[in-house]
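**Student:** One letter stands for each residue in the lines below.
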Amino acid sequence: QKEVEQNSGPLSVPEGAIASLNCTYSDRVSQSFFWYRQYSGKSPELIMSIYSNGDKEDGRFTAQLNKASQYVSLLIRDSQPSDSATYLCAVNKDQGAQKLVFGQGTRLTINP
Amino acid sequence: GAVVSQHPSRVICKSGTSVKIECRSLDFQATTMFWYRQFPKQSLMLMATSNEGSKATYEQGVEKDKFLINHASLTLSTLTVTSAHPEDSSFYICSAAQLLGFFETQYFGPGTRLLVL
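Respectively, the protein sequence lines represent chains A and B.
Counting along the first sequence from 1, when you hit position 87 you're at 87 in the numbering used here, and nothing is skipped either side.
Convert by adding 1000 to the 1-based position in the second sequence; the result is the number in the numbering used here.
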C-alpha cells in the first residue's frame, strides 16, 4: 500500500462546476497535509495546508481533513480552465521539517 | 511572502562538465531545504534534505559524490551535478521550509531544467 494515494485521473470537470480531489494516507500519526498545484513544465505551488479535522476554506478552494478515515480532499468551486493542472497531495508525519510524502498527483482538466 | 528562487532556470552543458544550481529563500530564513528531481510525466523524487551548517541527508540511490549539496546559510543552498551525463538531464526543483506556527511548510522554487548533451 502506498503511503499517500491519489487517483491519477485524468479528471474532467465542466467549467463552473465543483472539482473534487481526493487523497488517502496510510500513516495514522501524520500531522500536516498539503495540496500543491503543478502546471505542466512548472514547479509545484502551494494551494492549501490543513492540520485539524474539518474544513478549511480559502477563496474557491476548500480542504477537508478526516483523520479518523485518513482522508484529505480538495474542493474547487466555480472551476475555471486555468485550474487545469496536476494536483499533488502531500503529507508530513511530523511538525518539523521532515520530508513530505507525495501522492502521484491527480491530473485535472476543466472543460470550457 | 515565502518566495524561493532558483538560478539558473535552464542550463545546457556538455557531458562531463559540472553544473551548479542555486536555491535561495528570498523573504524568510529556511530551517531546511530540499532538492527534488522530476522526469517528464513523473512525480517529484526527493534527492536530499539539506540543513544549514551540516551534511545533507541523501535518499537511497542518490549518489552523494555526484550530487554535491552545500548549505552555506539559512537562505542559500546549492546543488552541484558533477561530471554530468545525458541521463542526468531532468527538472531539478528545490524547496525551502518555513515555520508557520507549529508546522513547517515547504515552498518550491521555480525549478532548473538541465539538458546534458
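It is worth saying that the hints were derived from the structure and are not from the lab.
In this text the structure is predicted, and so the values were computed from the model without any measurement.
Each hint should be verified, as a subset may be incorrect.
What the hints assert, rightly or not - Below, in silico cross-link-like pairs of lysine-lysine (DSSO-like), each with a Cα-Cα straight-line distance of 30 Å or less: (1) B/K1055 x A/K93; (2) A/K2 x A/K99; (3) A/K56 x A/K99; (4) B/K1020 x A/K42; (5) B/K1055 x A/K99.
As the list claims (entries may be wrong) - Stretches of chain B that chain A covers, calculated by requiring three or more beta carbons in the stretch to come under 8 Å of a beta carbon on chain A: (6) 1042-1055; (7) 1104-1114.
Claimed, not checked - Under 7 Å between C-beta atoms, here's a sample of chain A residues computed to sit facing chain B: (8) S32; (9) S43; (10) P44; (11) S49; (12) Y51; (13) G54; (14) K99; (15) F102; (16) Q104.
The beta-carbon is built from N, C-alpha and C at its ideal position, and this holds for glycine as well.
**Student:** Take the hints in turn and mark each one as holding or not.
**Tutor:** Outcome of the hint check:
For the hint pairing B/K1055 with A/K93, the CA-to-CA distance comes to about 22 Å; that is within 30 Å, so the pair holds. For the given pair, A/K2 sits about 16 Å from A/K99 by alpha-carbon distance, which is consistent with the 30 Å threshold. Between A/K56 and A/K99 the alpha-carbon distance is near 23 Å, which keeps this suggested pair within the 30 Å criterion. A distance of roughly 20 Å separates the Cα atoms of B/K1020 and A/K42; the hinted pair therefore holds under the 30 Å criterion.
Annotation: proposed proximity of B/K1055 to A/K99 holds, straight-line Cα distance about 16 Å (limit 30 Å). Only residues whose beta carbon comes within less than 8 Å of a beta carbon in chain A count, and the stretch 1042-1055 of chain B has 4; three or more means the coverage holds. Three residues within the 8 Å Cβ limit are the bar, and the stretch 1104-1114 of chain B against chain A gives 8, so the coverage statement holds. With its C-beta approaching chain B no nearer than about 5 Å, A/S32 sits inside the 7 Å limit, and its interface hint holds.
With a least beta-carbon distance of about 4 Å to chain B, the hint placing A/S43 at the interface is held under the 7 Å criterion. For A/P44, the shortest C-beta to C-beta distance to chain B is roughly 5 Å, which falls under 7 Å, so the interface hint holds. Using the Cβ-Cβ criterion of 7 Å, the hint placing A/S49 at the interface with chain B is satisfied: the shortest such distance is roughly 6 Å. At about 6 Å, the closest approach between the beta carbon of A/Y51 and any beta carbon in chain B falls short of 7 Å, and the interface hint on this residue holds.
At a threshold of 7 Å, the smallest CB-CB gap from A/G54 to chain B is about 16 Å, leaving the interface hint violated. Here the hint on A/K99 is kept, as its CB sits about 6 Å from the closest CB of chain B, short of 7 Å. Satisfaction of the interface hint for A/F102 is found here, the shortest Cβ-Cβ separation to chain B being roughly 6 Å, below the 7 Å cut-off. The beta carbon of A/Q104 comes within 5 Å of a beta carbon in chain B, closer than 7 Å, and the hint placing it at the interface holds.
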